[in-house]
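First to last, the sequence lines map onto chains E and R.
In terms of our numbering, the first sequence opens at residue 849 and continues consecutively.
In terms of our numbering, the second sequence opens at residue 3 and continues consecutively.
The calculated DSBU-like cross-link candidates involving lysine-lysine, where the alpha carbons are at most 35 Å apart (straight line), are: (1) R:K115 to E:K1104; (2) E:K1104 to E:K962; (3) E:K1104 to R:K77; (4) R:K132 to R:K170.
Rather than coming from a laboratory, the hints here were simulated on the basis of the structure.
For clarity, every value in this text was computed on a predicted model and none was experimentally measured.
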Amino acid sequence: MSDFIVLFLAVLLALLIKPFAEKHAQAIWSGISSIHFVQRNGVVLSAYLIFSVLAWAIFMIILPQLYMVDFSFRHNLPFNEVGGPGDTWTLDNYQYLLFGREGDTEAMNWLHLKVFFKTILVSALVTLFDLAICYPIAYYMGQVAVGGKARLMFLCLLIPFWVNEILRAFAFRILFGTSGVINSVLIGTGVIDEGIDFLRADVGLYAGLSYAYILLMIFPLYNAIESLDHNQVEAARDLGSPWWRIHLRVVVPHAKPGIASGSTMVFMLTAGALAAPQILGGPSSLWFTQIIYDWFFTGLNWPQGSAYAFVLLATCIVFVMTIMRIFNVRFGEIAK
Amino acid sequence: MSADVELDHVTIRFGDFTAVDDANLRIEEGEFFSFLGPSGCGKTTILRAVSGFLDPTEGEVRIGGRNMRGIGPNKRPTALIFQNLALFPLMSVADNIAFGLEVRGISKFERRKRADELLNLIALPEQAEKLVTALSGGQRQRVAIARALAVEPEVLLLDEPLSALDLKLRQHMRTELRAIQRRVGITFIYITHDQGEALTMSDRIAVMSQGIIQQVGDGSAIYNDPATAFVASFVGENNPFHGHVTDADDQRAVIDTKFGRLQGRNHQGLSAGDKAILFVRPEALSLANGAAADGNTIESVVVNQEFEGQFVKVYLAGEGPKPIGLSMTNDGSASLPEVGETVRVGFDPERATMLPVGELADE
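This is chain E alone, in the form it adopts within the complex:
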């Protein structure tokens, strides 16, 4: 029935617009073609560009996210009560993350809050770790290696990432398991007598998370460092600078946008990772995304899951903005 109405209204609208469009066709046409963007790209291409960008932004990003925001402020109602008198706005879902249910023994919902803070903290540490590993490699590829060598290194970095994330995570399980490769080697060479449970100690998780998005650190860093005129490094050296000061005063300031953009991506993706924690997390460790996942699929409580997801998103954004402010990176720079 409602489909019919929509169709009817559309036809009506078209009929109403038609005489106007016919009368002013010339004016509309010349108006469109006088826009600089249209002149440069042609009518078809510019229509496609505008339409696709708008469609992407509105239908794929803004609308679903708005739905989720809306969800997060509603009660988890059975299907037949949706739209009924009980379907009102509420802050319960957010409150739950902070304080838990009424009548809980503790005043705060420490179980979830601890996981939440641990997720943020560990993500930050993983980001720092990736930065520390990638900076020398990126510097080598961007400033020291010539031609073929840098390309070869690129390939070596890139090819492992053809393997999908889940397989890579399982590979780490095999590596870090109690009877895994590392333990076998250590026991075999007599370094230790009994296998170490790396997974229970979360070593596997941290290693897996650091590995998962490391390319997103390398590439922006490489791009930034590669664009530095090597003469500046030599000039600093010629003026008597030791290597660490060259990095501190010349290379790092130049690479700051790359560091910012790589760190932002790694941090955001690590905080939102699901596969690695699911597969590599120890029996007692949880990642905040796993709680969110459980709300959606085990608890079937979408409003609660949405609220948790939004808290994570908002915290990550605030965190990244704060760090960028501290290190004096302008927002536009990370898109360079």
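Starting from the known structure of chain E, arrange chain R on it as the hints suggest.
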């Protein structure tokens, strides 16, 4: 404060390629010394060996008598001014100039004082807080000089620093560089492919080609008395006449060319039968009027004429596709030959140089 630089049998190879072949010379302290040559001749490689970015494959680089092998650029008493200047774009002018002092752990106050002194020296006071990107080309040039001078080097190395400037500014900076060198009194080693720069600024010049130092001397020696065919053809314009030496003593030699027998100075000890080239500069040639010519003359057809104001260039058909150039002062006295006319030109043998055949510089 200043030191001499010695190259002792310096050879530098990159794989099979010999960039510098057995270079030997001594640059005196306080001298303005230039390496002049076309790109790829090895002059920048020598500069990098003096500054410490590479060590010679064989031989020694000595600064102030000390062998520099294994001593990095940050430990040598040299400062290098890069071709593209390589100023730090994210630092202010003062921070750029004071960078070398910052490295040496000198206090902020001292650094600033020294930077201000240097800004006065390069006539850029009150620009200290600006970003270097806000300066003009000539100003940046001067900041680069100040940054290098700030570390009080004993030798200042300059790698074609003027090549990015426009002609007017380049000529102005030549004078200025020379003035700064006189004021600070340290050794300057200047790399250039521009002979005008080398001739106007330098106390002495080394002309290089294909890794070999062809000649070392002051500007007038290089121009008036070239030692090799390359130097004769690279520095200034020159007209080559190929042939065999028919007669020679230690002052003069006679060469049999396509235009007949010609005479010139024989400073390179050629003897009869040698293959040789006689070089005659365009300004040494003049119209030999009538039949009064004494034998050292060429007869050829005028193929082109260019009016340059102070000078008029007349081109005659040469021995090959390249015409013979003749530069006449525009003093109104001489009547200019027409294109197509056959003329006779002559020259003083003292102003013509006889040299063994060798590589010529391509134009």
